[in-house]
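Participant: Here's the letter readout for the chains.
Number of protein chains: 4
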Amino acid sequence: MKKIRVGVVGATGYTGEEIVKILAKHPQAELTYVSGKEDRDVKIQDIFPYLKNSLDLECRAFSFEEAAEKCDLVFLSLPHTVSQEFAPRFLKAKIKVIDVSADYRLKDEAIYEKFYKVKHKDLVSLRQAVYGLPEANRDKIKSATLIANPGCYPTGSILGILAGAKKGVLDLDSIIIDAKSGVTGAGRKAEKALNFSEVNESFKAYKLFEHQHVPEINQELERATRKEVSVVFVPHLLPINRGILSTIYVKLKKKTNTAELIALYKKFYQNEPFVKVYEGGALPEIKHVAHTNFCDIGLRVNESKNLAVIVTAIDNLGKGAAGQAVQNMNIMSGFDERAGL
Amino acid sequence: MKKIRVGVVGATGYTGEEIVKILAKHPQAELTYVSGKEDRDVKIQDIFPYLKNSLDLECRAFSFEEAAEKCDLVFLSLPHTVSQEFAPRFLKAKIKVIDVSADYRLKDEAIYEKFYKVKHKDLVSLRQAVYGLPEANRDKIKSATLIANPGCYPTGSILGILAGAKKGVLDLDSIIIDAKSGVTGAGRKAEKALNFSEVNESFKAYKLFEHQHVPEINQELERATRKEVSVVFVPHLLPINRGILSTIYVKLKKKTNTAELIALYKKFYQNEPFVKVYEGGALPEIKHVAHTNFCDIGLRVNESKNLAVIVTAIDNLGKGAAGQAVQNMNIMSGFDERAGL
Amino acid sequence: MKKIRVGVVGATGYTGEEIVKILAKHPQAELTYVSGKEDRDVKIQDIFPYLKNSLDLECRAFSFEEAAEKCDLVFLSLPHTVSQEFAPRFLKAKIKVIDVSADYRLKDEAIYEKFYKVKHKDLVSLRQAVYGLPEANRDKIKSATLIANPGCYPTGSILGILAGAKKGVLDLDSIIIDAKSGVTGAGRKAEKALNFSEVNESFKAYKLFEHQHVPEINQELERATRKEVSVVFVPHLLPINRGILSTIYVKLKKKTNTAELIALYKKFYQNEPFVKVYEGGALPEIKHVAHTNFCDIGLRVNESKNLAVIVTAIDNLGKGAAGQAVQNMNIMSGFDERAGL
Amino acid sequence: MKKIRVGVVGATGYTGEEIVKILAKHPQAELTYVSGKEDRDVKIQDIFPYLKNSLDLECRAFSFEEAAEKCDLVFLSLPHTVSQEFAPRFLKAKIKVIDVSADYRLKDEAIYEKFYKVKHKDLVSLRQAVYGLPEANRDKIKSATLIANPGCYPTGSILGILAGAKKGVLDLDSIIIDAKSGVTGAGRKAEKALNFSEVNESFKAYKLFEHQHVPEINQELERATRKEVSVVFVPHLLPINRGILSTIYVKLKKKTNTAELIALYKKFYQNEPFVKVYEGGALPEIKHVAHTNFCDIGLRVNESKNLAVIVTAIDNLGKGAAGQAVQNMNIMSGFDERAGL
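Going line by line, the protein sequences match chains A, B, C and D.
Per the working numbering, numbering through the first sequence is continuous, rising by one, with the last residue being 341.
Per the working numbering, numbering through the second sequence is continuous, rising by one, with the last residue being 341.
Per the working numbering, numbering through the third sequence is continuous, rising by one, with the last residue being 341.
Per the working numbering, numbering through the fourth sequence is continuous, rising by one, with the last residue being 341.
Hints listed in this document are in silico derivations from the structure and should not be mistaken for laboratory results.
Watch out, some of these pointers could steer you wrong.
Which copy is meant is left open, because identical chains are indistinguishable; a pair holds if it fits in one copy or across any two.
What the hints assert, rightly or not - Pairs of lysine to aspartate or glutamate residues, derived as DMTMM-like cross-links and limited to a Cα-Cα distance of at most 25 Å, are as follows:
hint, residue 1, residue 2
1, LYS192, ASP108
2, LYS251, ASP173
3, LYS305, GLU228
4, LYS166, GLU279
5, LYS266, ASP46
6, LYS207, GLU279
7, LYS266, GLU66
8, LYS2, ASP336
9, LYS254, ASP173
Just so we're clear, the structure is a prediction, and the values are computed from it rather than from any experiment.
Please work from the sequences and hints to get the whole structure.
Facilitator: Rendered as structure tokens:
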């Protein structure tokens, strides 16, 4: 099979780096273009020395013309609000776009403006963008030209709730998500609060009720259930590099037990290559999903409280960003969904 | 003022070490006896080299007679089920006991047996033991001869709930506690699951619904409110040495807002030397309480959900064990409650 | 090309797990047998959940007959002194063996006994074993039937010294190796000194002058140079999971400078797929080699002292164990040396 | 005894914070003034919540007049090159100064300019400043008005060498210092290379031969021995918050053994309250000195190589900065040297 030509715009952040790392070993995609803001005219394998043996490619100062000429598909791994400037140009040039920023995730531009503090400038593309969560949207992804790759917290949260919500066993008014994320989730940046000594040996909650991923979770659960959803979401900062564990508390609409709930989830996700539902009440751990594209799910029912506790684990750079982006590329391109992952 | 003579039985575990460290600088207590299972005939300052300058004391193989002769008060920092063997002998010898194990915390011996897998052998002392949470029980602690020093998780959980529960604003049927603890909470022991490489760069929930601290939390909240309480409690293991952050979700019985709830908590704890209620919705972090005896509390109300999120932070070895034990000693001895802390 | 059938005896330790992980994606090897002491009758993908999608294989209680029947080549990932019992049986059955323990590394059985505290029981195989460092021994590895896979510290140390030693620019009497290793180097075991809280936020030197890897380093440098070598070696324990950084201090036999020494190393290793010599005095970091089979080398000369400082970084589970073991398998099997790595 | 009035200029960096923390419990010093660049008009106990119970003091925007009026002694915890502007003004006002920056450490202003990239503006004070290492300079410190508080690396390095150098057993031409420091040594600042995810799970050497602490180590060893000294110094960055371990390699001028060298060090430091020389070849660990003012020293001699390996451990914020600064204050003020420490 002929390989597709792929580019990564913004290859030196954590997510961009991870996409490059995956693509370097992908059997059906050839990485033909990478750009980065700070490291112009440097070989990408000199920036990330472990790429020796697998890549020989210059990391370029971004040029739309060059990227458009060299690629059939581009990953935009750019800060929020910047992707909007480039996505429509690529689409116009018939180049498929997988945007890992938040720019095309929220369908309601008023909510986008409220949470990201800028007016959305590309409503046309926003209307056509497909939310790239394969477990919810695989068919639309197949024919999409612009993918809004899901946020890391939403991926772990939605996959924990989706099966039970679609099957009608969860009380959607009662969802509480207590999420804990590693530090790469904040991006590769200089910030006093992200200094090693500030994060290490500590732990905190932040952005209580106000995190920009809340409307994204609500939107996708509403689309899946056609009911109003408003989750309580409390993110915390874990002193680790990679991984999100989400502990989800939700009331059950009817009496059920741990075994039945597990059975329901196993059935719902039975054909999903990257979702693992644990048996017998076992619970996932971040170390079992780090450096992978998996979402592991453990479930327990407290029968006297009629409450389910659902624990999901993902790698925020894997299923929460780069891995899922490549999974989307595979689906869009007709490849085996697991290729390279 | 004449100093009291104090002993630590079990001085080489994490909690015992921390009690020794605090007492070494205590202005009104003289550490006259320390024992440890493994390190007989060694100077305690050779086991813990930072004690140079402050202590010169042999760590002894335990002898009841020696301890009884040398001490007015002893801390029992022993494994659960072992404290029961020694506490009654000390009490009979008119020596006050602060037990940091779980042996005298649960008033119902059937529940003790269910969670600790052995029959309780000292019901007489169990009846007289006072649960050593000063913020709930200060008056009884003053005249106690046997203190059941609270567990680490219960301390952080109860202090987060106590004010609102006593003041009647919280719906006691709805309490969910999502707690995260550092690794010293598991004790200084050889165990594959506690090996550095198993814990580091990971995170997990464990003992869902089944943790032995659940009945302790319920018991003390029931005593405080004279109502039935059954909390949902999910502990998690944090890759840090010290500290517990508890994120508590609880429905409000009447409309209130963040400012009002903070005001209520500030008033309730206004005379407490070791509880800090944060202003303006600020949230505590483990690094701000590590190596201290403080419990820091942050509060936010989600008005549309009529839900409070209460975040508490303690050092599991400080307010969650050794610090609180010394605070109890101070109260029992008529010292300034903050002495040495 | 027909795949070879490969087994891993001792698949549940850190090195065994890593070999399994690599082989699960190897294009020319089929993992047909895995055994583990503790986890009999469990699927290997249930022990290591990230193997879903790539393996479906039972982890068996070890049986020589079963292993011999199912494999063309076995990796023995067993504790030191245990490999000796199985290696000769496999060899007799014409099955190739890559032993990742220390049992076949030291040619002098008296030194083996001194450092490993048992008599060697298989001197016949010991004589024929090939030390599996491809950069020093590639030709012998090609035709070997028993590989003694190098230790983690020796790999990082020898590769830092080999080029300069072979080319005669280093004063072999002056070698000082200050090595720092992550905790997986100690194996997956229950041990108080390896408890998270004992290692985290600390750092120490250990086994000064006495580490069992000292004679291994000396032996291989002596073989390479045909001169007597006796290095000063001080290992330290780093609070990280994976990686070794070795800072090597060595006097130069003649005046040289940083650029010349780098040029010499680059030339020496120019055809090595897994050695990277850094340009311009740049220095390697553990994060750039973690989860890879690379050894990165940085060099600086202090001309006034006539001293070279050579810094090497490897992943102790990669080039320091499992990665190198698979590299050896590739060489023995005539595969591309980089296959699967 | 009347308390002295003390100020901390630059109280919100790591060292400033640590000085404040120590002074808050000091029996003979009253903290009367703290200033910080960023946090004006905030209570210091609101910036560092654990100070509740011990301090009630506003953190002020710096004013020389206010500081001069309120203090008998000030700690300048400012960036290098900034201290020079304030120190002479305080000295003129008869206020003692302990400068924890590097501004008054290097006696040769040309070397200062070479390493700190600015001309020194206060040569008058530079001439009178006393290098505040009590173990080398106690008598001069007693009568000093300006203390140049030693750097963190120099403290751990010099104390490991001083005894042997003064007693003439070490070959001063052969000193190699392989030092490893926690991240607080770099200060509380926003910098991409100090981001948690860049430091965590990694390890690297940096500033090989070029670190600004090299001339400081050389200068003080030269002063102590009246011989020329030029050490090889290689610093490394440890993924921990606090602590420096220095592994020092040095040739012996005459045959000696481990026991003799330990005896020499024990005798040399016998009256030092904050130096601990380990018995029997035991080696220090960072966890045993973290949060203390101790320097722990372990020694081993390799007799066949005639080489000593000396390992020292300090807390870079304790004996390496704030603790030593307070020790100097105690000496200058005639207090018990251990007061508050």
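Participant: Among the hints numbered above, which are violated by the structure, and what are their numbers in rising order?
Facilitator: Numbers 1 and 7, in rising order.
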